[in-house]
Every structure is written in C-alpha cells, then in structure tokens.
Amino acid sequence: MTDPIYAIPDIHGQDALLDAALDLVARDGGADARIVFLGDLVDRGPNSRAVIDRLMTGQAMGRPWTVLRGNHDQMFVDFLDTGVIHSDHIRSGLSWLHHRLGGATTLASYGLDVTEDVTKWEAARRAVPQAHRDWLAGLPLWQEVGEVLFVHAGIRPGLSLPAQDPADLMWIRDGFLDHADAHPWLVIHGHTALEMPTHFGNRIDLDGGAAYGRPLWPAVFEGREAWLLTETGRIALCP
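Each residue of the sequence shown is one higher than the last, beginning at 228 in our numbering.
These aren't lab readings, by the way, just hints derived from the structure by calculation. The reader is advised that the hints may include incorrect statements.
Okay, the calculated beta carbon distance ranges per label pair [stated by the list, open to error]:
{"#": "1", "residue 1": "338", "residue 2": "426", "range": "33 to 43 Å"}
{"#": "2", "residue 1": "400", "residue 2": "450", "range": "26 to 36 Å"}
{"#": "3", "residue 1": "339", "residue 2": "313", "range": "39 to 49 Å"}
{"#": "4", "residue 1": "465", "residue 2": "339", "range": "20 to 30 Å"}
Values in this document were obtained by computation on a predicted structure and should not be read as measured data. Built from N, CA and C at the ideal position, the CB exists for glycine as well.
Start from the sequences and build out the full structure, keeping to the hints where you can.
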C-alpha cells in the first residue's frame, strides 16, 4: 500500500475546526500521520494566534507536519514588516484590515483593536511574538510527494517548480484554474473557496470555505487516489 499523506486546507483562524480535522486525521492514520497544511492559517476566523501556536507546537514536538505559506499568511508578515495593508494582488482594492479579508480579526487574536484608519503598526509589532513572524515568513511554498504536488494557490502551467513565481504559488487563479490539460503532478491546493472540495482531474481544490462557516475538510492521498475524511469514514474524491 502507498504510504498515505494527509492534507488540511485553508484554516483561516478556525481553531475549533482545526481540532476536529486533526482528530479525523488521527483516527484514520494515527497520531504520527504525515500532514501537509495548505496555508492561509490566519484571517477571518476568531483565533489565528491559536492556530499558529498549535502548528508550531506540533512541529516542535516532532510531528511530521509540513505547513505551507498562503497569501493571507504573507499579508500578515508584510504588515508586521512594513505596516502595509494593501496588496497589488487584491483586485478589489480592499485592505488587509477590511472585514472581508480579515486582518483585523487576526490582530484581535493578539489583543489588538485596529481599523483601516488606526492600524497600530508599532503595537502589532510588540504584540505578535517575533517567533510567529519568523515562522510564517520561513514556511515553504510547496511540497512534492511522488505524483502529488501540494501548494496553496496553484502553479503557472508549463514551468518547473524552481521557475515558479512565489506570488503565483500563493495567489494564482487565472491561467491555473482554467487550465484543463494534465500537469506533471496531481496538484492539491486551496485558496479558491468552493462549496465543497472538488476533483478537477488535473487538480483538487480542497478549500471548502471554512473561512465562511463551512466545514474544514481534511483529505488523505495514497498515490493519486484521494478521499475526504468524515465522522463516518473515508469518502472517495473522484474527477
């Protein structure tokens, strides 16, 4: 049997949903199951700080966990580094602190009350542990496991992994979501929230919209075969 590897998509500060997803993984694969977290750990949900603490602690305990960096994680780091709350990648022009993006909720989990007009940058730099900032900034952008590639947003078709633009790996939609041909791998990603995780043949979008009150769906992969984990067992995820 192929050694299974598990994936948990965009958590977005939903610490209680993360607890439930980790429990499903442990029931299916044991306490030492390999897990790839697809990024977007922060924003929108109520406790981004707890999510970061949980994942950092798990890695420090030696859990075989790979945590990828999502665009929301990068926006958090960018704010801590420079105070910037806008990104050229946000087509709507909304700031990271706008409620639709959820940065203010992330800072609230560190005890800060901020608005787009009162960003409290220096206070945020004091409130957020440097270890959290450094850990987020050092997260990898992909994990390749045999015929499967885990990444937050997707890839630019036709480019090797070393040639990929980091911004694409965290932000891409156009040119990836509409690409129907096969990639060198089955690409497992989040970033684009759906009503339900979906297998598109050349890729699987696991983001079922936990940021918007929907479930956080963990999945398990054995080679290119995929299943969602539920309270009643595995559900095959097929094209």
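How the hints compare with the structure:
Hint check: residue 338 to residue 426, Cβ distance near 41 Å, so the stated range 33 to 43 Å holds. Range check, residue 400 to residue 450: about 27 Å between beta-carbon atoms, so the 26 to 36 Å window is met. Separated by about 19 Å at the C-beta atoms, residue 339 and residue 313 break the suggested range of 39 to 49 Å. Here the CB-CB span from residue 465 to residue 339 is close to 44 Å, at odds with the stated 20 to 30 Å.
When each numbered hint is compared with the structure, violations occur for hints 3, 4.
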